[in-house]
Amino acid sequence: MTSPGSLLCFRAVMQQLFERPFNPDSPAGPARVRTHRSFWNAWVIIFFMCFWSIAGSAAAGAEKARRTVIDSRGVEVRLPERIERVATISDGLIEGVMTVLGVSEKLVGIGSRSLKRVWSYQFEAAGGETFSYTGGMNPVLALNPRFADLPVFVEGPAINYETLLSLKPDLVILRMGACNLTATDDRVHMVLDTLDSLDLPTVVLHGPYFSGKAHPQSIEREIRILGRVFEKPGPAAQLAAFIREKVRMVENRTRDIPAAQRPRVLVLGLSSTAREKGGAGQVFGKDTMESYFIEEVVHARNAFSSRGHFKLVNTEHLLAINPDVIVLCTAAAYHPPRELFEAPYYRHLRELEAVRKRRVTALPWTPWNCEKRLEYPIDVMVMAKAAYPERFADIELGSWVLDFYQGLYGVDRKTARKLRSAQWLDWTASGPE
Amino acid sequence: MGQSKGETTGGENPYVYRGRLMWPLTLLLALAAAAAFAMSLGKYDIPPADVLRTLLTPIFSSADLSAAADLNHTVVWSLRLPRILMAMTVGAALAAAGAVFQGCFRNPLVEPYILGVSSGAAFGAALGILFPMFFSIQLFAFIFASLAVACTYGFGRVRGETPMLTLILAGVITGSVFSAMVSILKYLARDAALREVVFWLMGGFYYTTWEDVAWLLPMVGVCLAIMGKFSWQLNVLSLGDEEARSLGVHTEVYRLILIVLATLVTAAAVSTVGIIAWVGLMMPHATRMLVGPDHRLMLPSAAVMGGIFMIVCDTLARTMASAEIPIGIITSILGAPYLFYLLRTKTQTGLV
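Residue numbers (my numbering), protein chains in the order written: chain A, 11 to 443; chain B, 1408 to 1759.
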């Protein structure tokens, strides 16, 4: 490989060697000098050519091997020339982006059991009837069934570094803020130092909560970094733009609603853990992504005006909040509106305005939702439809969700339906699609 | 404790005593074997010969290591060795502390956490997790573990004396107060912090570093040595206060020294690796069944037994699954049946 610079140098050397006027006063005589010089000049040229060729190749190789990317920490991470084996710690965002970019087959190990688990859930209604939900899973598992066979090298806060090494990854990607990576600064440094000592190139992404900004822009940044890592910045930018456009559409439709007409929306987690602790559910304060979606995107009001993420509240507190609209989220399990309407343990909550008026809806099944993932625009649309049904009357949620999956993952309609079922969103389907 | 005055004050048959001296030596060999076996096991496959070579290379040679050998070096020296040393140290600390508490309180059901040390450490750790800007989790845990025991001792002291029953009750009260405060912190914690508190409470060696080993190993070593020095006094204390006083032993002073030492090692261990149950309760029992109730033999043997047990549990925790199994699960699964087996067999042979 010869660069234009080396060609210029080569030409200059040639001129220097062959076009230089000989010394007519030389005792050897002009002709002999010229022959002798030509011989050596030829060797010098060959030497220079070889040198440039080797040096040029080496420099080019080194340049390739030195491919770097700046991660969420602002650290310039040196990447291997070819990325073939990737290990991740994330609850689906990294794996989702890898799926979109067409590199999910490079995944050799995962740090979250949630990516390989199939869930089922049931609850009993007051009349003794049992409702059950089966086949729930993370959409990335539905798209990559082989994830079910991938080794998991993290359990809780414990990373099994030896398992990770045995997978021989040439790149590790961590998403700080994932349920298994919510550690304190000390422990984060410890994890990163250990990975560094194992000579594993590690790209670190910061989820919105971890970065301290409950804003979807953090997710966009993560997507762009992953695009650069896998040398697909264009498709990554398209992905980010697709998600942004879906959110912006909701934002544009609701921006002009006067403050006085904005309903009070409460995102509520009907976690059984909350009940065990004597509470009625978990809510989301002003410092959460849920609140951002409610107030800045859907342009409604968050009914819970304090701070906190999965904040435990009791029945009396919920009755005092008395929201206009309730949006049920994944909280330890899936919670459909019917649970709130019919389960015996929520009989006191049936006094809530939203329950009486049946203004209750449910977000998609999103296991291990410590940080938002690629599917968050569905949350936004579900909230928007619940808050302003008249403004979104033209949007048939079931079809919209299918279109979203198709646009997001580039899948056909049949696969999109599979994804919708995996997130327990079949209730959104009504009529032909 | 069911031991007679004659046994602990030299009335025992000297041949039997000498025979029992073999136990600590045998256990030390077993500890070395367990450590060696644990060094050669791991998810990252390194042949035992390479493990040995990697262990010896930095000691006997300063030659540069190849890339593969370099990785082996990291696995052996940075991942396995500190963990094994930490498991050994924590096991020894908890088992010896359990033996001391059981001796001091003359109660075989006592464990090192009786005076509220675990609740105090848990509260400190939860504070450290929720407010990481002040101190490290470890330091917070150690401070509050020590504070909890200081409170217990303060509450348990009546008219210049520390009656056993009052002290145990004070421990229960202090433990409850700190447990309640942990619950408050868990209630206030964000989901992520809450998860970390829960995992911390489960205990484990997954964050072990050489820095932890460097401060815990010498500290526990020194404390165990001092405990060993007072093992005869512990024998006397375990007879009861009146007998001890009649033998000229100042019960208050020696009990305080031994409890402080046992608390110190427990607090240090718990603040480093979290709360690991069963070891401090079970290992003294198992050791007593092997070497008898004489603390001069029992205390060091219990420490070694604790080290062996913890190394085995931790090795299983890091090798049985692709990820880690919480060590508390393994200590319970292995510990309870083993103790049951010892109880059955030793009781039948009349050794207990």
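FYI, nobody ran anything at the bench for these hints, they're computed from the structure.
All of these numbers come straight from a predicted model, not from anything done at the bench.
Incorrect hints may have been included.
[As the list claims (entries may be wrong)] Once the Cα atoms are required to be at most 27 Å apart in a straight line, the calculated DSS-like pairs of lysine-lysine come out as: (1) A:Lys-223 to A:Lys-178; (2) A:Lys-126 to A:Lys-116; (3) B:Lys-1636 to A:Lys-296; (4) A:Lys-287 to B:Lys-1636; (5) A:Lys-126 to A:Lys-424; (6) A:Lys-256 to A:Lys-242; (7) A:Lys-223 to B:Lys-1636; (8) A:Lys-242 to A:Lys-116; (9) A:Lys-287 to A:Lys-256.
[Stated by the list, open to error] Chain B regions said to be covered by chain A (calculated; three or more residues, Cβ under 8 Å): (10) 1480 to 1486; (11) 1617 to 1624; (12) 1684 to 1695.
Virtual Cβ for every residue (Gly too), placed ideally from N, Cα, C.
Okay, the hints, checked on the actual structure:
no. : hint                    : in the structure
1   : A:Lys-223 to A:Lys-178  : 34 Å, violated
2   : A:Lys-126 to A:Lys-116  : 16 Å, holds
3   : B:Lys-1636 to A:Lys-296 : 60 Å, violated
4   : A:Lys-287 to B:Lys-1636 : 48 Å, violated
5   : A:Lys-126 to A:Lys-424  : 21 Å, holds
6   : A:Lys-256 to A:Lys-242  : 22 Å, holds
7   : A:Lys-223 to B:Lys-1636 : 57 Å, violated
8   : A:Lys-242 to A:Lys-116  : 14 Å, holds
9   : A:Lys-287 to A:Lys-256  : 38 Å, violated
10  : 1480 to 1486            : holds (count 4)
11  : 1617 to 1624            : violated (count 0)
12  : 1684 to 1695            : violated (count 0)
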